[in-house]
Amino acid sequence: MTEIFGVPIQALMGQLMLGLVSGSFYAMLSLGLAVIFGMLNIINFAHGALYMMGAFLAWMGLEYFALGYWQALLLAPLAVGLFGIVIERSMLQWLYKLDHLYGLLLTFGLALVIEGLFTNGYGVSGQPYSIPEELSGAFNLGFMFLPKYRAWVIVASLAVCFCTWFVIEKTRLGAYLRAATENPKLTQAFGINVPLMVMLTYGFGAALAGFAGVLAAPAIQVSPLMGSNLIIVVFAVVVIGGMGSILGSILTGLGLGVIEGLTKVFYPEASATVVFVIMAIVLMIRPAGLFGKER
Amino acid sequence: MKRKLLCISIAALLLPAAGNVLGQAKPAALKLSDGMVKIGVLTDMSGVYSDLGGQGSVTAAQMAIEDYKAQYKPNFKIEMVYADHQNKADVGSNKAREWFDTQGVDMITDVLNSGVALAVAKVTQEKKRIMINTGAASTRLTNEDCTPNTVHYVYDTYALANGPGKAVTKAGGDTWFFLTADYAFGASLEKDTSDAVKASGGKVLGSVKHPLNASDFSSFLLQAQASKAKVVGLANAGGDTVNSIKAANEFGLTKNQRLVGLLTTIVDIHALGLPTTQGMMFTEGYYWNLNDDTRAWSRRFFAKQKKMPSMLQAGTYSAVTTYLKAVAAAGTDESAAVMKKLKELPINDFFAKNGKIREDGRMVHDMYLVEVKKPAESKEPWDYYNIKAVIPGNEAYQPMSLSRCPLVKK
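Top to bottom, those sequences are chains A and B.
Under the numbering used here, the residues of the first sequence are numbered 1 to 295, in order.
Under the numbering used here, the residues of the second sequence are numbered 1 to 410, in order.
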């Protein structure tokens, strides 16, 4: 069998595939962050908590209303999105004119409150949520068994990421959005309701996090702390990709997932730090991130 | 409300009088510091271990005090306090110091998290009080860091590793691969289990060290799968164990290999559900559905807590009861005298049969090697285990001949 640095090529291919799966989560979450930052100039620390809410709503739907995975995949993001809109209208909208720091502190506080409430209500050890019937089992790819669910995660997240990119970069609505980011006063003067667009954007970013949460529910522990374990890595992804860059966050998310996956094979102890090492290097060479524009 | 208060105070005044009327001989008064026995439950109230101990431990200690009062009608006052140590050694040891210095706490229990436990053990020794630890895992508490004031009550890493290490290897699972959390606890769990596996004629094929709180375990599991070992040992805890098991199931690892949890509890099984965990094996210090005694107590606990007790919580009840009995027997709450009684009296309750506290502070009692039931076998909620073997206390725990505790005379 061919080997690279003592690792069989088949095992390597398998690990690459898995890296792509965790990269999909990074991509989806960092995309939400990038959209929110690009439009609202808010560094949304509540993103991890919103992701956790998505997973929890999926579990609650099953537990209390007998809603299956597919309904949850539709309804939970909607609910999280609505929750996001409420936050934006009631709290965030007063902070746009202030320094970034205020938005960061507010959302960080919100994250702690949300996680605290869920911990209080449901404990920390998590809730059971199993893979839907249709997606249990695995594909034999020759070099590995790829569980169907993981394949579905890649497909779903790529589709969502592509649609988001397409809407923002290629449609008229996206053009309004970009214009509103560039020069809100002028855009408003053309008769476009900028506050409404900002509100919907935050709601959409929150819904993306909720969607990622539902996708994650069958694969990892549904617990109140699941978001805070992930969010720091996702922030590193956003910084590497360039704050606010849509395409940047998608590509970096996937790329870093793969790099992290490879680290898990060659030197597993470093797999938790590799993303941050890359971040440090990128910041030294390109302070605005790989895809960011310096202002 | 006022009337209720009034009634209670009248009742309180009348009760001792009634006792005298009935002619009960009052035993001689105990020599107590601050005129009462005070117990402190120091635990993780909101962090990663709060489901294992936390509010459940507080409830268990409260039940123990109420039951003791009801059954033995002691002629001394018993009080309880509790606090959150936030899994921080400094917070824990400061709280213990405050309790000892200003609140007259005589005994501290629970104290899960080995780091906090080791710090609190030092303070307890310095202040000459007692810690009956029902929560921490490290064997250091009864070895290098043993003190005349520590009792280690429910379990330790040696007992957790030893049971499955020997039993599973002898039952044919003679090649092992470890998934190890990359810190002191994981390493010691892996080492203890490896020793037991090798001693039973098995072989360790390798291990992979994963970072703490790694959310995605699929990559590590693929490596475990590629090792072709018959048994995959999970030398991790809490969320890491849960995520390892979820991924193992998804990648079909459980079809050809057996998963053995090295610190898995009923809390984790409840969080994952039986479809995901069936067939897993591990060691527990307590199981609610063992016999009529355990069922009776656990159902009472369930009524208050809406959860079945973990071994830590059941152990906390037992520890508090044992402590109160020792105080009554010693006639004082002075720690040396109470410790002497604790080490003399055998422990017989729903939690432990013929439990014995050794010279090094280790409470030796039977442990249970359990296998998780198939969903079809489970008859009611929380009915999760088949007991594969009862490991007698003297086999489950580290023998005194291997003790590294300076208190043990050899």
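Since the hints were derived computationally from the structure, they do not count as laboratory data.
Be aware that a few hints might be false.
[What the hints assert, rightly or not] Stretch by stretch, here's where chain A covers chain B in the computed footprint (C-beta under 8 Å, at least three residues): (1) 246 to 254; (2) 269 to 282; (3) 352 to 361.
[Stated by the list, open to error] Pairs of lysine to any residue residues, derived as SDA-like cross-links and limited to a Cα-Cα distance of at most 25 Å, are as follows: (4) LYS203/B x LEU345/B; (5) LYS88/B x LEU110/A; (6) LYS304/B x LYS341/B; (7) LYS341/B x GLN125/B; (8) LYS409/B x LEU345/B; (9) LYS306/B x PHE145/A; (10) LYS97/A x LEU12/A; (11) LYS306/B x PHE118/A; (12) LYS209/B x MET197/A; (13) LYS228/B x GLY172/B; (14) LYS209/B x PHE145/A; (15) LYS88/B x ASN120/A.
Ideal Cβ placement from N, Cα and C applies to all residues, glycine included.
Practice item. List in ascending order the numbers of the hints, as given earlier, that are violated by the structure. Key: 3, 4, 6, 9, 10 and 12
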